[in-house]
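Below are the chains, spelled out letter by letter.
Protein chains: 4
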Amino acid sequence: MSNRIHEQYDLEDELHEECGVFGMYDFDGGDVASTIYYGLFALQHRGQESCGIAVSETDGPKGRVSSFKGMGLVNEVFTPETLEGMKGDIGVGHVRYSTAGSSTRENAQPLVLNYVKGTLALAHNGNLINALQLRHELEYTGAIFQTTIDSEVIAYHIARERLNTKSVEDAVIRAMKKIQGAYSLIVMSPRKLIGARDPHGFKPLCIGKRDNSYIITSESCALETVDAEFVRDVLPGEVVTITPDGIFSDTSMCKPKEKEARCIFEYIYFARPDSHIDGVSVYHSRILAGKYLAMDSPVEADLVVGVPESGNAAALGYSLQSGIPYGTAFVKNGYVGRTFIKPKQSNRESSVRVKLNVLAEAVKGKRVIMIDDSIVRGTTSDRIVGMLKEAGATEVHVRVSSPPFLYPCYFGTDIPSREQLIAYNRSVDDIKKVIGADSLAYLEINRLGEMVEQLPHCTGCFTGKYPMDPPTIDIRGEYQK
Amino acid sequence: MSNRIHEQYDLEDELHEECGVFGMYDFDGGDVASTIYYGLFALQHRGQESCGIAVSETDGPKGRVSSFKGMGLVNEVFTPETLEGMKGDIGVGHVRYSTAGSSTRENAQPLVLNYVKGTLALAHNGNLINALQLRHELEYTGAIFQTTIDSEVIAYHIARERLNTKSVEDAVIRAMKKIQGAYSLIVMSPRKLIGARDPHGFKPLCIGKRDNSYIITSESCALETVDAEFVRDVLPGEVVTITPDGIFSDTSMCKPKEKEARCIFEYIYFARPDSHIDGVSVYHSRILAGKYLAMDSPVEADLVVGVPESGNAAALGYSLQSGIPYGTAFVKNGYVGRTFIKPKQSNRESSVRVKLNVLAEAVKGKRVIMIDDSIVRGTTSDRIVGMLKEAGATEVHVRVSSPPFLYPCYFGTDIPSREQLIAYNRSVDDIKKVIGADSLAYLEINRLGEMVEQLPHCTGCFTGKYPMDPPTIDIRGEYQK
Amino acid sequence: MSNRIHEQYDLEDELHEECGVFGMYDFDGGDVASTIYYGLFALQHRGQESCGIAVSETDGPKGRVSSFKGMGLVNEVFTPETLEGMKGDIGVGHVRYSTAGSSTRENAQPLVLNYVKGTLALAHNGNLINALQLRHELEYTGAIFQTTIDSEVIAYHIARERLNTKSVEDAVIRAMKKIQGAYSLIVMSPRKLIGARDPHGFKPLCIGKRDNSYIITSESCALETVDAEFVRDVLPGEVVTITPDGIFSDTSMCKPKEKEARCIFEYIYFARPDSHIDGVSVYHSRILAGKYLAMDSPVEADLVVGVPESGNAAALGYSLQSGIPYGTAFVKNGYVGRTFIKPKQSNRESSVRVKLNVLAEAVKGKRVIMIDDSIVRGTTSDRIVGMLKEAGATEVHVRVSSPPFLYPCYFGTDIPSREQLIAYNRSVDDIKKVIGADSLAYLEINRLGEMVEQLPHCTGCFTGKYPMDPPTIDIRGEYQK
Amino acid sequence: MSNRIHEQYDLEDELHEECGVFGMYDFDGGDVASTIYYGLFALQHRGQESCGIAVSETDGPKGRVSSFKGMGLVNEVFTPETLEGMKGDIGVGHVRYSTAGSSTRENAQPLVLNYVKGTLALAHNGNLINALQLRHELEYTGAIFQTTIDSEVIAYHIARERLNTKSVEDAVIRAMKKIQGAYSLIVMSPRKLIGARDPHGFKPLCIGKRDNSYIITSESCALETVDAEFVRDVLPGEVVTITPDGIFSDTSMCKPKEKEARCIFEYIYFARPDSHIDGVSVYHSRILAGKYLAMDSPVEADLVVGVPESGNAAALGYSLQSGIPYGTAFVKNGYVGRTFIKPKQSNRESSVRVKLNVLAEAVKGKRVIMIDDSIVRGTTSDRIVGMLKEAGATEVHVRVSSPPFLYPCYFGTDIPSREQLIAYNRSVDDIKKVIGADSLAYLEINRLGEMVEQLPHCTGCFTGKYPMDPPTIDIRGEYQK
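Which chain is which? The protein sequence lines are A, B, C and D, in order. Take the first sequence: its letters are residues 1 to 481, numbered as in full-length UniProt numbering. Take the second sequence: its letters are residues 1 to 481, numbered as in full-length UniProt numbering. Take the third sequence: its letters are residues 1 to 481, numbered as in full-length UniProt numbering. Take the fourth sequence: its letters are residues 1 to 481, numbered as in full-length UniProt numbering.
In short, the hints are calculated from the structure, not lab data. It is possible that part of the hints are untrue.
Because identical chains cannot be distinguished in the list, a pair is counted as satisfied if it fits within a single copy or across any two copies.
Derived lysine-lysine pairs resembling DSSO-like cross-links, with alpha carbons at most 27 Å apart [claimed, not checked]:
no. : residue 1 : residue 2
1   : Lys342    : Lys364
2   : Lys192    : Lys259
3   : Lys177    : Lys465
4   : Lys432    : Lys465
5   : Lys166    : Lys177
6   : Lys209    : Lys432
7   : Lys364    : Lys192
8   : Lys342    : Lys257
9   : Lys209    : Lys192
10  : Lys364    : Lys255
11  : Lys178    : Lys117
12  : Lys332    : Lys342
13  : Lys389    : Lys178
14  : Lys364    : Lys166
15  : Lys389    : Lys433
16  : Lys433    : Lys255
These numbers come from a predicted model, not from an experiment.
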């Protein structure tokens, strides 16, 4: 039994989100572990490498936390016995895909620790840009680190600030003055549940309610899954503290709205389409992306298809705008799991074909517009276009519902090094040839704002202009084994 | 560690196929286990309870078979080490969902056995209707049974007939004279690979080729997955014998074409849409089903949606025919696995909602036509219609791409007892009320033939008229624990 | 997860017993699985490769058997949940080390099967010498075999004889007329527990009682472990049938006493010293062996030590007889388990030293008599004598509490091929030199009878004279993969 | 799969050691993980709950440590693949039985961490008496704790001291000024292996050599197991630093010899008899204990027996001194493993009898002297004496090779609370009656010094006089969940 993941179980050429968080506090004292389980299950798309839950009894001894973490999917890690053994009316859960920190069980979250005021559990989505520098600073005061995740850096700052503050939420706020980058954070102290979102609002975070329970989580789809109502989004820079005495909001770290910098890829690809983030429907923004592609890059064709799953909504938008019929061109094998054995180079089977097959019946003799949400290295696009043609498509026009990637992301999206990006040093026409398409167009960068009702967002990976200065030392270095 | 599956990981109210088979013979002597693995992976939708592979070296000692079976998905049961340890240029694999025989590791297939002529491995899809009677007859001659699967009965007959025949394929043919019911069968003897399909052709079986290898498998999608060419379907009643000396066909058991009785549910729901069965595209037949529903049961609406995944193609057909826009109304959580913990009655979470969420954005304020492939007990339909309405759909019109279930299946489809069927003793109008739809229509029974280019098919579950007399004793009895 | 055992966890140069059996019938209807578990635990020394339990409810449906088998030790295979799930007042268990049939889960026992009269479970210790011939005969009547164990051959014969007999015990008796070799057998039919011992009595079998329950098992130590009383041994050739109506004995297959041929290695090495077999204490017979060695092969020395564990009792006997003090010279590491990683050739660590260390303090400057129960290949003896000398022993005199092995065993003891036996083609003096001892003596063959109160026993492995003709074809052939 | 150990696999009424450590540095650059594995295997008796290994390449990047930890025995946790994946010429391993800190995977050692100077791995045997106080002090400077083991407290102090010292060994020395209690410690820094033993020398630690490798480990038996030479013991208070430039010793923390306070139970029970600790043979000291018992508490009898395994050496000593023959009275079932299912109260089987059976043959009609190493609660002794009498012993005289337990241990031995100790508030005569013995005597306390060649040792658990003041707050409190 290994504690490493050997295989990714998606199409190879996709981006990866790093985490999803789900915290809950039941003022009626009911056990929350089971609901957190279903909440994490709804967030599974945000991270499939490891997951964990930590719960505590607010009327129990202060330091008593039950936690369980493991490598793999939520449904692989937790058994009915494990869940039943986790007693507590306050808790926090996490699913993880690692961009920083290696994928080992040690790095799974939530991080549970003892500090001067008892116990703390942290679950965190995002990437700090000054984590390495903060680590070094802490080490120079004698700190020791047992993981390679940013959460440990955040925890240290909260613990230290707590010495001089009158409440844990104040410690969180003071810690936020030090840490820089993207973070949506849930902190569970013995009797408080705290949600904090970085001032740029890179990553989503929202509040829900069910009967006498409150929930803080990454995406609103998780609220619907557990039959809770959406209350509101946590504001960029806001710290929300949930206690039986009420919900308290601190907005002292909030920035002017124009400084906000949501990750646009949440809308394009990461988030589930049934989520709303900061008031904008993810699904609707994808439909719009497809419509804009149809307006800006029209082409004559017989059929519009999406690369499943995330290309489907944009394909529908393209179809609605253009009047060209929408269709299904691919069958995706949904049984690829963590332990799936990838075909070797020497096998006749190919990884892409094993996971995705073309519906020849649907595309034969047709001019096909294929919508994908992004092209990273281009390796998968190349295969898929080829498969469509083998299946009899007479033309394949590729439309991409995002602009070309040209720059690294420092805030939590796992973009390969520049040299591996297909758009690096290549014109759109060159890329078209590489992937074998008859035409190719990307979403224009000025459409991004329209897609999300002009919410301020980050376009760093397209433009190289980031909402804050990227780190001068390589944050993928020493600690990011 | 349990050897039983506790949870089904699909929507509760679906039918289950029982098996998929994949056999391969590489005349160049290459190892086939790895390709069988990917082939089974492509057939995973046909059975998720257990799986297994058996291989043999045709130039090795006659009785040397390597086999490995286990409970769970193909990617859970096999490790790279297991596959690499399986040396052999001839082999057969199986995925299983149990309708007859309990779901234990003992009952996993292929069945591997020694008999008078050496070794035999069998993989079998279907259900015999005289299995119990044949078991009793065999027992009265001193036979012992170590499993509760039909394959053991078939194996016994082949072994006995082999005493008086000059080849194993002749023994298979003589055994076929005794066994009655549905079966698509692959038999691996030390140096021959044999495929046999029952004379009614209930279950699919086809032949493929890759370089100097031949493949026999349940569905053509498995051929595409391993980059093999489709050669042809095995005929109902045909026995195909693959040897290095050539491929031999025996059609002595074939019936006149009008006696054939394909399972229509392969087209409606079981098979993968990218498969062709007996010359008919599964995808195309589903599109047609949708079109017929649009012709026969039109309704004014703003949107046509499918219940994923199998309702989507029919929804597309309905949209194409009616001109009403096609859309996506549901997000299905693809991470439900074998060990997923079902919500208890006492949980606020519901099993349906955890697996399927409505895209409120897509349906709000709209009149929705929802296409499902079948309604069995109606429990899921009820929930889904309710969820659409909660999400703001003003009307929900349900169209079902198959006729109502009214009778049991004796040939391998796991239909609940009559009393549990929603259509039993209820008019369509009654059912409409039960599931809360604004209108409801089923595919008309005479459309089934049109759907499949008039291929003869079985309609027993709709009409109670079966292609052969059902058993008088309960075949779900004693042995089907 | 492998289904093969990669490592043996004992000193390499030991013989292996093949099986232990434990059956129980509680006339008060209590569950027996848990007691069978502890019984098997007491018999674990008889087989460590796989184990299993099958139970049935005598007042339940006739064909309902719960069984669980797995590779590994009793405490590895069974969990509290597994045991609790096994409901039944009659049951049988088995521990296995394979001499015939490969070590796979398929070959684990008890064998559970359906036959003309319902269900049968079999557990069997021993080796048939005509198994292969019987298999072939059965195959020529159309039988199929799914395992490579003798038990399946026995089961077939019982099933066939049952067609013409009025009871299952009669079928067992008639089957015994066909099968030849060593067997102690427990058969569980729906409402009877049957014990049978081959007419030569190679393997032990005895009866116990606890309250209103009866037990049949391999060794009396298992009775003491579960707090049951020893009732009596099953006679060689006897069939004992336990039913609520009484215990019935059939002795029609018994031979004259002088034909009996107990395996003498049960006394020398296999059985636990706290067992009595056929009225003779295993411990006492080992003490006697040591005494005879002292009488027949005396030597001046300072210390007598045993090679643990089985050499200790003979060492004590030697000490008592000779007056030379008994001591402990070795520390055995008891934590070697099934998954222990053997040192490679390239490692500095040696397999023997990792498992056994010399107590230098005890032997330094002393003349040591080292008693071992047997020398097979001599590889371990060589190492151990060397270790004693390195630790400072001035002389090492080896005494072996059995005669030299010269011939194969056909009745269930796993003796290597003749060429590998150190005594083959070597004089005692040669062997002495090979293992580096200062003197060497074996137990004289005429002492064996004295050791066991003149009970008739088999000396085939020493003399080549067997109680029945050995098979002319190699029984380690085709089926014994 | 649980991450807790449910069952102890020894006789219930034994004491538990808490840990064993094994570090190795190969100056020739060879991989050490495999040798550490066998070293830990030899130390398995010191801790069976969890184990781990961490290794590093001294010529690799400074922060690169491979580590693997898990619950269970060494042979259960490590696979050949795991070991082969661990590349490094310097490493440290640990086996653990928890007295402080809960038995979870999080608390398994070695502890691996990053600090200001790179990476550190710690393995530690012993118990600090000021750990809780130090934790609190650290927390008041902002420290966070992720485990409940003392090693984390030690690590923090080393990390903080390192800020003001020029080498890691100096930091270890300065940390030793703060921590109080029992510790034998191995620290692996990127290019140094450091061993430190507390100034009282409670726990053993010694140095070995093999070719161009150095080893630091708990017991000399581990050196023999891996074919290394014993070099010398680490002195109480000494810090030994192993580098390619030489071995450096710092003795600045050593106390005058009379302040040393070795744990006497290492000699009586914990250590393996083939180990030497501080120049004294463990085996020899046990022989002596038996001799003293024979001198001080003689009794007429026919047989002296030991309670296996640890009572055997003292029984031999008693026999040698008294002239009463030594014998074996018990058969211990060596197959009890971590997952063994303990008999419930409602079972007829008893935990003691399942693990230990009496050799009736050996004791029948005899007056038996039974030597045990200690009596804690007395529950097992009671059962064993009873079993001897049932088996026919006419008298049972119990001799204990240690004085009665009366006080808690604060230094790492898991002694139950006072009320549970059989000797608490009872005279020896009372205890004799409770356990049903015919006579009872303990080793006299003044014999302890003679047993160990007058090495200074701790007698706190017998006398309540400790080598340092016990903690005033309960160290089993808050953190020792």
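Which of the listed hints are broken here? Per hint list: 1, 2, 6, 7, 8, 10, 13, 14 and 16 violated.
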